[in-house]
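Sequences are here, hints too, so could you generate the full structure?
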Amino acid sequence: MAAIFQGVGAAATLSSSPSNSFDSNNSFLSPPRSFSVGKGASFSVIRSGGILNLNSKGRRAQQLISNAVATKADSAAVSSSSKPGHELLLFEALQEGLEEEMDRDLRVCVMGEDVGHYGGSYKVTKGLAKKFGDLRVLDTPIAENSFTGMGIGAAMTGLRPVVEGMNMGFLLLAFNQISNNCGMLHYTSGGQFTIPIVIRGPGGVGRQLGAEHSQRLESYFQSIPGIQMVACSTPYNAKGLMKAAIRSENPVILFEHVLLYNLKERIPDEDYICNLEEAEMVRPGEHVTILTYSRMRYHVMQAAKTLVNKGYDPEVIDIRSLKPFDLYTIGNSVKKTHRVLIVEECMRTGGIGASLTAAITENFNDYLDAPIMCLSSQDVPTPYAGTLEEVTVVQPAQIVTAVEQLCR
Amino acid sequence: MALSYLRSSSSRSANLLKPLSSGLSLRSPISTDTTPITVETSVPFTSHRCDAPSRSVETNPKELLTFFRDMALMRRMEIAADSLYKAKLIRGFCHLYDGQEAFAVGMEAAITKKDCIITAYRDHCTFMGRGGTLLEVFAELMGRQAGCSKGKGGSMHFYKKDSNFYGGHGIVGAQVPLGCGLAFAQKYSKDETVTFAMYGDGAANQGQLFEALNISALWDLPAILVCENNHYGMGTAEWRAAKSPAYYKRGDYVPGLKVDGMDALAVKQACKFAKEHALKSGPIILEMDTYRYHGHSMSDPGSTYRTRDEISGVRQERDPIERIRKLILSHDLASEKELKDIEKEVRKEVDDAITRAKESPMPEPSKLFTNVYAKGLGVESFGADRKEVRATLP
Chain F
1 MAAIFQGVGA AATLSSSPSN SFDSNNSFLS PPRSFSVGKG ASFSVIRSGG ILNLNSKGRR
61 AQQLISNAVA TKADSAAVSS SSKPGHELLL FEALQEGLEE EMDRDLRVCV MGEDVGHYGG
121 SYKVTKGLAK KFGDLRVLDT PIAENSFTGM GIGAAMTGLR PVVEGMNMGF LLLAFNQISN
181 NCGMLHYTSG GQFTIPIVIR GPGGVGRQLG AEHSQRLESY FQSIPGIQMV ACSTPYNAKG
241 LMKAAIRSEN PVILFEHVLL YNLKERIPDE DYICNLEEAE MVRPGEHVTI LTYSRMRYHV
301 MQAAKTLVNK GYDPEVIDIR SLKPFDLYTI GNSVKKTHRV LIVEECMRTG GIGASLTAAI
361 TENFNDYLDA PIMCLSSQDV PTPYAGTLEE VTVVQPAQIV TAVEQLCR
Chain S
1 MALSYLRSSS SRSANLLKPL SSGLSLRSPI STDTTPITVE TSVPFTSHRC DAPSRSVETN
61 PKELLTFFRD MALMRRMEIA ADSLYKAKLI RGFCHLYDGQ EAFAVGMEAA ITKKDCIITA
121 YRDHCTFMGR GGTLLEVFAE LMGRQAGCSK GKGGSMHFYK KDSNFYGGHG IVGAQVPLGC
181 GLAFAQKYSK DETVTFAMYG DGAANQGQLF EALNISALWD LPAILVCENN HYGMGTAEWR
241 AAKSPAYYKR GDYVPGLKVD GMDALAVKQA CKFAKEHALK SGPIILEMDT YRYHGHSMSD
301 PGSTYRTRDE ISGVRQERDP IERIRKLILS HDLASEKELK DIEKEVRKEV DDAITRAKES
361 PMPEPSKLFT NVYAKGLGVE SFGADRKEVR ATLP
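Keeping their order, the protein sequence lines are chains F and S. Sequential numbering from 1 applies to the first sequence in UniProt numbering. Sequential numbering from 1 applies to the second sequence in UniProt numbering.
To be clear, the hints were calculated from the coordinates, so they are not data collected in a lab. Some hints could be false.
Pairwise CB distance ranges (calculated) [to be verified]:
| hint | chain 1 | residue 1 | chain 2 | residue 2 | range |
| --- | --- | --- | --- | --- | --- |
| 1 | F | F175 | S | C50 | 42 to 50 Å |
| 2 | S | R49 | F | Q378 | 51 to 59 Å |
| 3 | F | P225 | S | D191 | 44 to 52 Å |
Stretches of chain F that chain S covers, calculated by requiring three or more beta carbons in the stretch to come under 8 Å of a beta carbon on chain S [as the list claims (entries may be wrong)]:
| hint | stretch |
| --- | --- |
| 4 | 112 to 125 |
| 5 | 186 to 194 |
Here the structure is a predicted model, which means the values were calculated and not measured. Just so you know, even glycine gets a beta-carbon here, dropped at the ideal spot from N, CA and C.
This is the structure we're talking about:
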């Protein structure tokens with residue numbers, strides 16, 4: 001625990017001149033102190049010592065890595081002291097997390113379509129190519145299968161690539177690489193290779209993007225053994241999860257949502273990470289546990305306002321970790337409220353909700369007063385027409401009705 | 001037996017030197033001799049968009065005897081694996097490499113252990129070339145703990161991280177993007193090493209190959225793509241699968257070289273050339289014209305799509321071990337008897353390794369759950385009956 005706060009100053013230095021090229025001989029000279037980042041498009045450049053494992057900063061960074069997936073207490077402590085933080089949008093938070101990690105560890109590189117000179121189709125990688133150079137922020141041709149494979153091959157040697165799918169749906173082309181090589185190599189090599197890769201991209205139903213660009217891949221990837229899946233929903237957890245995913249030795253798939261990129265929130269200035277296997281308690285309550293993730297969190301919170309007016313007290317948990325589930329937090333909640341409603345954007349058939357229902361039923365059946373209700377998207381390709389698209393996903397009104405039904 | 005000490009390739013003179021190490025050991029005393037010998041490759045190289053290397057290869061007695069010994073070892077290992085499979089000690093898939101050994105030894109002679117190799121499922125001999133031991137091979141084939149992947153990988157998943165051997169992959173063609181990723185990492189770390197990404201004539205029609213080749217050429221990666229063309233993609237002959245079977249030309253803008261893959265010295269020359277090229281100017285494709293005597297795998301007799309005459313014809317005319325044997329004998333580097341002794345020794349080594357591998361136990365049941373994730377998750381994993389079988393993933 002102490003190591004996390006030790007590291008608070010470690011990654012943060014202020015430098016006035018942005019470095020335009022990747023220079024591995026940068027030495028870390030100035031003492032660490034906290035930094036503040038301006039709003040909007042301009043950011044202070046963070047320069048850090050590049051040589052791994054050879055200086056005290058590197059050793060502290062190593063300590064950080066070993067604790068990276070450990071404790072929960074820190075996020076509570078940090079968020080309560082974060083009043084003097086800085087405000088930014090979710091995509092900027094992702095970018096900040098990525099940039100800090102790239103500064104901190106020279107092995108982190110980014111590959112994807114239009115992530116470099118263009119700045120990323122959702123601006124998550126904006127400015128990184130200019131700062132880190134073409135070898136660390138790589139513009140790939142449109143060849144998902146092979147560049148995901150290349151990321152995995154690079155990860156086998158110890159690099160830590162962050163592979164971006166411009167839209168999660170495009171990663172279906174790389175499914176073979178993700179399933180067979182990414183997930184399984186650690187096992188089939190008898191533990192010789194770890195694959196510390198992060199695969200990320202926006203998914204989910206957007207504003208009339210059409211069927212092929214509104215896919216939710218979490219249900220397809222969830223059975224692959226050996227990978228972890230997380231879904232971010234706020235700028236705070238986006239940055240935290242991005243950093244934790246990069247530091248993790250396991251392959252992590254980070255699901256972002258197209259419609260959440262412009263959410264604004266105040267986040268702490270200090271270095272922090274979010275535990276990859278932990279769920280987030282959004283709103284404690286007594287009557288019913290509502291489990292959700294990604295964009296549906298906001299529909300649930302909207303419904304929660306109506307529910308509170310009607311006299312219900314829902315407990316809302318953002319599960320964040322899609323694989324593995326945080327059954328500890330979820331279980332405690334079920335033991336308290338005895339009613340569960342799952343609200344997700346995945347399809348009904350074989351979705352995250354289906355697995356979660358099975359997991360809760362097996363583990364906590366005795367604590368349930370009513371059958372688990374699961375609200376998911378319809379099992380249809382997402383239509384283009386706006387009215388139809390609205391009906392495809394779960395709306396707050398349906399959530400309210402479901403809770404009323406559950407609590408009867 | 002009298003030993004000859006050779007100065008140049010041309011003379012077959014009986015230049016007898018007193019044998020210093022007397023007739024004590026059966027191992028050839030010339031295994032440390034490094035006087036250069038120049039040999040011509042069987043056929044000239046054909047090139048695409050580059051200048052072919054010269055046909056004259058420099059070698060020495062030590063190297064030739066090492067080639068002979070290593071190839072004999074690999075050949076014996078594969079034949080022993082064949083018997084083990086028929087005895088049902090090896091199950092599932094078993095893809096044998098006999099006939100193609102020249103590539104494994106020739107490539108190793110041209111590179112270091114710092115260069116990376118990645119290949120498909122016909123990986124037993126490549127693994128041996130990288131420094132794997134017979135015990136690891138047989139134990140892994142039989143699914144025992146002493147195997148290189150602790151028994152959890154099997155025939156298609158041999159890996160050796162410390163000598164940069166990246167496997168061992170079951171899905172046809174998927175290893176080529178991985179190989180280009182290895183080359184990328186080498187370039188990123190400025191290692192001055194190269195990656196050999198091997199694939200077969202069947203895999204040469206995979207789209208991801210061209211994708212990876214495009215990216216490698218674009219980013220100037222030190223990737224060498226090697227097509228081990230044994231002319232059959234499982235049961236389909238190359239002329240039935242590929243419109244253009246000139247695989248070395250398939251790179252279009254990437255230079256290519258066609259090599260006789262049954263000639264270990266030609267392979268060595270080509271790999272050396274390729275390494276120099278890759279470090280300077282980016283990717284290159286090598287096509288190895290080779291042949292496999294066994295079928296695609298143990299479940300394939302190998303004779304339904306080709307004639308037995310063809311197989312025995314290649315064996316008579318182009319066998320890699322015979323070629324080296326003839327070379328050694330013609331240069332008087334060792335006698336027939338010594339070579340036969342080497343083969344006997346190799347056979348004994350293989351038998352010993354099999355005995356030891358059979359003694360190695362099967363993995364413990366708890367090992368089912370290890371290495372799913374790298375350390376530190378502590379999540380639960382379930383069996384078919386979730387209430388009965390439940391374990392925490394370490």
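These are the hints, each one checked on the structure:
no. : hint                            : in the structure
1   : F175(F) <-> C50(S): 42 to 50 Å  : 36 Å, violated
2   : R49(S) <-> Q378(F): 51 to 59 Å  : 54 Å, holds
3   : P225(F) <-> D191(S): 44 to 52 Å : 32 Å, violated
4   : 112 to 125                      : violated (count 0)
5   : 186 to 194                      : holds (count 9)
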